[in-house]
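**Student:** With the hints as your guide, set chain B onto chain A.
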Amino acid sequence: MKITFPHMGNTYIALKVIFEELGAEVVIPPKCNKNTLELGTLYSPELMCIPFKITVGNYLESIEKGADTMFMWGGCDVCRIGYYNTLQKDILQSLGYEIQMFCLEPMKNINDVKNFLKKLSFVSGSKNYIKVLPIFIKGLRTLYEIDELDDLVIKIRPRELNRGAVDRLYSSFKEDVNNANGYKSIVETIRRYKEKLLKIEIDKDKEVLRVGIVGEIYTVVEPFINQYLIERLGNMGVEVHRSVTSSEFIKEQLDFIPFLKSDKEEVHRGAKPYLNTEIGGHARHTVGNTVLYSEKNYDGVIHLMPFTCMPEIVAGSILSIVEKDKDIPILKLVLDEMTGESGYLTRIEAFIDLLLNRRESKFYERDISWS
Amino acid sequence: MKEIYLGVDVGSVSTNVIVMDSDNNVIDTLYIRTKGKPIEALKMGLGQMKSRLGENVKVLGLGTTGSGRHLAATMLGADIVKNEITAHGVAALNIVPNVNTIIEIGGQDSKIILLRDGIIYDFAMNTVCAAGTGSFLDRQAERLGIPIQEFGSLALKSKSTVRIAGRCAVFAESDMIHKQQLGHNQEDIINGLCEAMARNYLNNLGKGKELKPPVIFQGGVAANIGIKKAFEELLGCEIIVPKYASVMGAIGACILAKEEVKKRGKTKFLGLNIADSSFNVQSFECDSCPNMCEVVKFYRDENLAARWGDKCGKWSNVQISQNDEKLA
Chain A
1 MKITFPHMGN TYIALKVIFE ELGAEVVIPP KCNKNTLELG TLYSPELMCI
51 PFKITVGNYL ESIEKGADTM FMWGGCDVCR IGYYNTLQKD ILQSLGYEIQ
101 MFCLEPMKNI NDVKNFLKKL SFVSGSKNYI KVLPIFIKGL RTLYEIDELD
151 DLVIKIRPRE LNRGAVDRLY SSFKEDVNNA NGYKSIVETI RRYKEKLLKI
201 EIDKDKEVLR VGIVGEIYTV VEPFINQYLI ERLGNMGVEV HRSVTSSEFI
251 KEQLDFIPFL KSDKEEVHRG AKPYLNTEIG GHARHTVGNT VLYSEKNYDG
301 VIHLMPFTCM PEIVAGSILS IVEKDKDIPI LKLVLDEMTG ESGYLTRIEA
351 FIDLLLNRRE SKFYERDISW S
Chain B
372 MKEIYLGVDV GSVSTNVIVM DSDNNVIDTL YIRTKGKPIE ALKMGLGQMK
422 SRLGENVKVL GLGTTGSGRH LAATMLGADI VKNEITAHGV AALNIVPNVN
472 TIIEIGGQDS KIILLRDGII YDFAMNTVCA AGTGSFLDRQ AERLGIPIQE
522 FGSLALKSKS TVRIAGRCAV FAESDMIHKQ QLGHNQEDII NGLCEAMARN
572 YLNNLGKGKE LKPPVIFQGG VAANIGIKKA FEELLGCEII VPKYASVMGA
622 IGACILAKEE VKKRGKTKFL GLNIADSSFN VQSFECDSCP NMCEVVKFYR
672 DENLAARWGD KCGKWSNVQI SQNDEKLA
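Here the protein sequences line up with chains A and B, keeping their order. Quick note: the first sequence uses this note's numbering, first residue 1, plus one each step. Quick note: the second sequence uses this note's numbering, first residue 372, plus one each step.
Extracted from the complex, chain A is given alone in its bound form:
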């Protein structure tokens, strides 16, 4: 069995750990690129959202490398991602590939976790799902480690004294982590790079703009589709915070377990005056996190969504009210197969100019009221 899974940012590192520890042969698709997009759009329904198309591309590129079993990280859920796996299996099989597909269903109680472990144990060929539990936990730990590293990267990048130092370190990290195998060696690589990152020279007193990213998880986490937004903002001297990440998503799924804590309740509290129920996707989070960012005095918020994403369209309409209520600027970016960057760059640059101007004028107002 050669197992593969679609890309979503750095999630592949944790998935690689899980499946390698289970003893399966793992095929990692090439990182998302033009060819992935090309293949994906060719075989996907035209009106489908972009994460579907790119993940189809990922599968096809993996199949070319010999993969025969697909793992999809999204199962029956409250937006279109709920039927990604079924439809994708159909598409791949009708193309004549003899493949199997299984997926991660939302977990709401211990029984759901058990069912998922059973699915995993089928990969390792054993029937004892209890044996799989430690491996699942190793995967989760890797996911936390990698997201911690990424959080550190986006904190340090805008403050680096030597331009490009973080990006250079990060690309060598990518190379090393891809060459590492198994939990121990991968986590060790992540930690080693964390230490290296902390040694990068930074300007501690630099006043940086702080921007929060909200929106649909795939567009936030996958750099190929958000046009490397987070890296770009960092290099423009902006500290970014991602409100949705793979590790936070998993934490929220599993927070019925007593020792696991997530920010879910806090996010729901923020969203409550505007949206007090789940309407699908990450809509409630988008609204809630925007409110939380304004409470934490962030300079602005960027709202990312795939073109035609219904939950985010609803959240977007609500955000225009939040924007006024909380006096926090919001930039909405709709992402699809466009690879021309200039339109996005113009909007991002103008947004940063706007945030800088607002910050300056706020200082100015304060000066006046003091004198």
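The set of hints was computed from the structure by calculation and includes no laboratory data. Treat the hints loosely; a few may be bogus.
Straight line, CA to CA, 20 Å or less: simulated PhoX-like cross-link-like pairs of lysine-lysine [stated by the list, open to error]:
#  : chain 1 : residue 1 : chain 2 : residue 2
1  : B       : Lys-685   : A       : Lys-174
2  : A       : Lys-174   : A       : Lys-194
3  : A       : Lys-326   : B       : Lys-580
4  : B       : Lys-580   : A       : Lys-324
5  : A       : Lys-155   : A       : Lys-296
6  : A       : Lys-155   : A       : Lys-138
7  : A       : Lys-251   : A       : Lys-261
8  : A       : Lys-34    : B       : Lys-685
9  : B       : Lys-614   : B       : Lys-637
10 : B       : Lys-682   : B       : Lys-429
11 : A       : Lys-31    : B       : Lys-682
12 : A       : Lys-108   : A       : Lys-119
13 : A       : Lys-264   : A       : Lys-108
14 : A       : Lys-326   : A       : Lys-296
15 : B       : Lys-578   : A       : Lys-326
16 : A       : Lys-324   : B       : Lys-583
17 : B       : Lys-373   : B       : Lys-639
18 : A       : Lys-184   : A       : Lys-138
19 : A       : Lys-138   : A       : Lys-119
20 : A       : Lys-138   : A       : Lys-89
21 : A       : Lys-31    : B       : Lys-685
22 : A       : Lys-174   : B       : Lys-682
23 : A       : Lys-34    : B       : Lys-682
24 : A       : Lys-251   : A       : Lys-196
25 : B       : Lys-682   : B       : Lys-373
26 : A       : Lys-184   : A       : Lys-196
27 : A       : Lys-324   : B       : Lys-429
**Tutor:** Using the frame of chain A, we list chain B on its own:
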């Protein structure tokens, strides 16, 4: 010797060059069609401007804006490279200091910029569709065989209303054809199109925003008085179309360049003679990783001047020495 500053706006449809003196007075402006060839257009624009200015001038600074701003900056050497939104805001503030709303419609973008107390506090740009921008109007004018300059005045001659769908360029065009086959007057149809564009703009970009006067209308489409009138009717206030409405982006870039040069003390502009240089581009697909970036190599007078288009910085970050040329 006259001391001047230059502003360059390389847009999708037009390339604009403007000249200002040290007191922010516009001395000369130039509006030429980009025609899909920004390098040639800019070279021609600068060349024309150079001969118009004569010998007795000294360029103290240059700023670029527009979707081709980075290309223009590499060609000419710019003191500042600014996005169109900020550039348009700065220019409008220079002409109407208390402006609260800017409507800007260009070749493929339309923008709304809201200002309060002299700072930009909100903006929006058309998202995934280019309906209701200059290039669509251009195409319709061409289809009807009317020079685009006369489009607006024809709309003013309309006596009865014909409703055209404005949400999508494809819908609008088929609606126009349908109305024309029903026998409606051409001026009524054109007027309907102007109204549809204004309505679409306000629904799309202005939704949920407070559009307070004074309102400035700028960008290439501002020359169309039919659309200006439609906006006035929809907003119920006077719309100011500045004298240099079509080149406001370049004016903004010029003002910003002046400020930048004041801070830094000297200009990066390579001189007006750069218009006589030859510029060439070559591109290739980098095969170092699955990204397969399309890398552009830019040559000034046969010398490699810059490379861009890569995501990792392998090509663009490397300092280029003159010897590299032979290797490349």
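**Student:** Does each hint fit the structure? Answer for all of them.
**Tutor:** Outcome of the hint check:
Note on Lys-685/B and Lys-174/A: the hinted pairing holds, with a Cα-Cα distance of about 16 Å set against a maximum of 20 Å. Distance restraint check for Lys-174/A and Lys-194/A: the Cα-Cα separation of roughly 13 Å lies within the 20 Å cut-off, and the hinted pair is therefore satisfied. Our distance criterion of 20 Å between C-alpha atoms is met by Lys-326/A and Lys-580/B, whose separation comes to about 15 Å. A hinted pair counts as satisfied when its Cα atoms are at most 20 Å apart, and Lys-580/B with Lys-324/A qualifies at roughly 9 Å.
Our distance criterion of 20 Å between C-alpha atoms is met by Lys-155/A and Lys-296/A, whose separation comes to about 16 Å. For the proposed pair Lys-155/A and Lys-138/A, the alpha carbon gap of about 26 Å is over 20 Å, so the pair is violated. Annotation: proposed proximity of Lys-251/A to Lys-261/A holds, straight-line Cα distance about 7 Å (limit 20 Å). At most 20 Å may separate the alpha-carbon atoms for a hinted pair to count; Lys-34/A and Lys-685/B meet this at roughly 19 Å.
For the proposed pair Lys-614/B and Lys-637/B, the alpha carbon gap of about 31 Å is over 20 Å, so the pair is violated. A C-alpha spacing of about 38 Å is found between Lys-682/B and Lys-429/B, which places the hinted pair above 20 Å, so the restraint is violated. Of the supplied pair hints, the one linking Lys-31/A and Lys-682/B holds, its CA atoms being roughly 13 Å apart against a limit of 20 Å. With a CA separation close to 16 Å, the supplied pair Lys-108/A and Lys-119/A stays within the 20 Å bound.
For the given pair, Lys-264/A sits about 14 Å from Lys-108/A by alpha-carbon distance, which is consistent with the 20 Å threshold. Distance check on the hinted pair: Lys-326/A and Lys-296/A sit about 11 Å apart at the alpha-carbon level, within 20 Å; holds. Proximity of Lys-578/B to Lys-326/A is assessed by CA-CA distance (about 18 Å); at most 20 Å being required, the pair is judged to hold. This hinted pair checks out: Lys-324/A and Lys-583/B have alpha carbons roughly 16 Å apart, not beyond 20 Å.
Distance check on the hinted pair: Lys-373/B and Lys-639/B sit about 19 Å apart at the alpha-carbon level, within 20 Å; holds. The straight-line distance between the Cα atoms of Lys-184/A and Lys-138/A is roughly 9 Å, inside the 20 Å bound, and the hint therefore holds. At most 20 Å may separate the alpha-carbon atoms for a hinted pair to count; Lys-138/A and Lys-119/A meet this at roughly 17 Å. At most 20 Å may separate the alpha-carbon atoms for a hinted pair to count; Lys-138/A and Lys-89/A exceed this at roughly 28 Å.
For the given pair, Lys-31/A sits about 18 Å from Lys-685/B by alpha-carbon distance, which is consistent with the 20 Å threshold. For the hint pairing Lys-174/A with Lys-682/B, the CA-to-CA distance comes to about 15 Å; that is within 20 Å, so the pair holds. Between Lys-34/A and Lys-682/B the alpha-carbon distance is near 13 Å, which keeps this suggested pair within the 20 Å criterion. With a CA separation close to 27 Å, the supplied pair Lys-251/A and Lys-196/A exceeds the 20 Å bound.
As the CA atoms of Lys-682/B and Lys-373/B are separated by approximately 43 Å, the hinted pair breaks the 20 Å bound. With a C-alpha separation of about 18 Å, the suggested pairing of Lys-184/A with Lys-196/A holds against the 20 Å cut-off. About 47 Å separates the Cα atoms of Lys-324/A and Lys-429/B, which puts this hinted pair outside 20 Å; it is violated.
Hints 6, 9, 10, 20, 24, 25 and 27 from the list above are not met by this structure, while the remaining hints are.
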